[in-house]
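K.L.:
Sequence:
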Amino acid sequence: MMNSKQAGMDTSGSQKDLELYLEQFINPERSRLFQPSLWTARRAWMARLARQEWLRSPARIIHVVGSNGKGSTAWYLAEYLQAASVDPAVILYTSPHLLYPTERIRFNGRTIPAAECLGLFNRLACHPALEAVWFELSYFEIFTILALYYAKLVSAKYIVLEAGLGGRLDATRMAAGSTLLVTHLCLEHTRLLGNSLSEIAHEKLCIATPKLQQIFTFASNRRHIDRERQKKRGCLAAINPDLAIHYIDAKPTEHYLSQNKGLAATVARHLEPAFFMKPFVKNLELSNPPGRLEVRAFGRMRFLFDTAHNPDGIMRSLADMQNGLIEPHEAGSGLILTSAIKDRNILDLVQAIQGQMPAIPVYLVQGPDLAPSGKIDAATACPVILPEQSPALIHARPGLRWVLVIGTHRLYALYNALADEFSNASS
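Each residue of the sequence shown is one higher than the one before, counting from 1 in the working numbering.
Hints are all accurate, no fakes.
Cβ pair distances, simulated, as ranges:
hint	residue 1	residue 2	range
1	A359	P210	49 to 55 Å
2	L243	N283	31 to 37 Å
3	K282	S178	23 to 29 Å
4	V133	A425	48 to 54 Å
5	P128	A41	19 to 25 Å
6	L286	I245	24 to 30 Å
7	G367	F280	43 to 49 Å
For the record, the hints were derived by calculation from the structure and aren't laboratory data.
These numbers were taken from a predicted model, which means no experiment stands behind them.
Glycine included, every Cβ here is placed at the ideal spot set by N, Cα and C.
Full structure from sequences and hints, please.
P.N.:
Here it is as structure tokens:
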């Protein structure tokens, strides 16, 4: 599994300069203070912006929405599209980042160096179409604009855009896509997206514009998507009457990454059919996205990480890990460190973990950007610790065989630090 070092991340001082620059922008991802009314007012302006010649790209635009699996599906699709060309030109835009902001935009698998990223932001801030409003935009909005601008600069053939939240009001909707992928759906962000799967499906599907030609999704979503298509005032009603919807059966025995890779492969096969006729494609090896069922092994010891951040995602990830990655029923063999972002119900996540692995001790990691613990320890017998207490906790258990860090992308730095420390100690 590729980590930040293997991915060639720029970890120099320029990353710090970029992060300082980005602190000037409102960041709902971090504050968890969402403003749907502001997004509504701004979306039409952003759509007009994307149609301007200096930003409009001839690239084929592909949107990826869903509750779980968006990032990994977008990653695999970009990998397939890169492999399909002798001279690839694929932009991948995902969020949130695990360690560095530059992870959000990749061109043919490589991130934009931090210094170049900062220079491009400064250039955009001075553009006549943006200079009056640049510093009123959000962190996610300026990165979305940068992704499209960079695609124009490098003459991208494909742009794969993972939606940040929902679809109808998401900044990525500014780029009208011809292809839409819908990953697994579950109840999430209900305050913003709705209290039922049908409402959530509506919000996701409303990323569609009249340019949409085809939708690819899992068969488990058929009922919600068909219902949306049949609505007289549904978001798909005004779309191309020849809109094609492809339903893919996900094998229940496959882990979630394999399912998402299968969805991505189906889309890539439609986009690049000649490539998939070549015999070697069956044995094509793709790199896995960082932070998804990621494993770092040192002898018999394993450190595992997954970005699963809602009860459905956590239960699925734990089930996948039990299928060969860890031994959950061996007494004293494992330890789980978890937390959540500020607006999540940490009790729901902890109960999902304990329900799946009742014999494994769970510790709640506390920190400034993480969910407050409240009375979680009393309610679930889940002790609360600080990140710096984690190494001592692990070293105090000589029979430990695996440590799982799960619940939020904000724990990825802790996961890497623990694995690095164990690696150094064992070398």
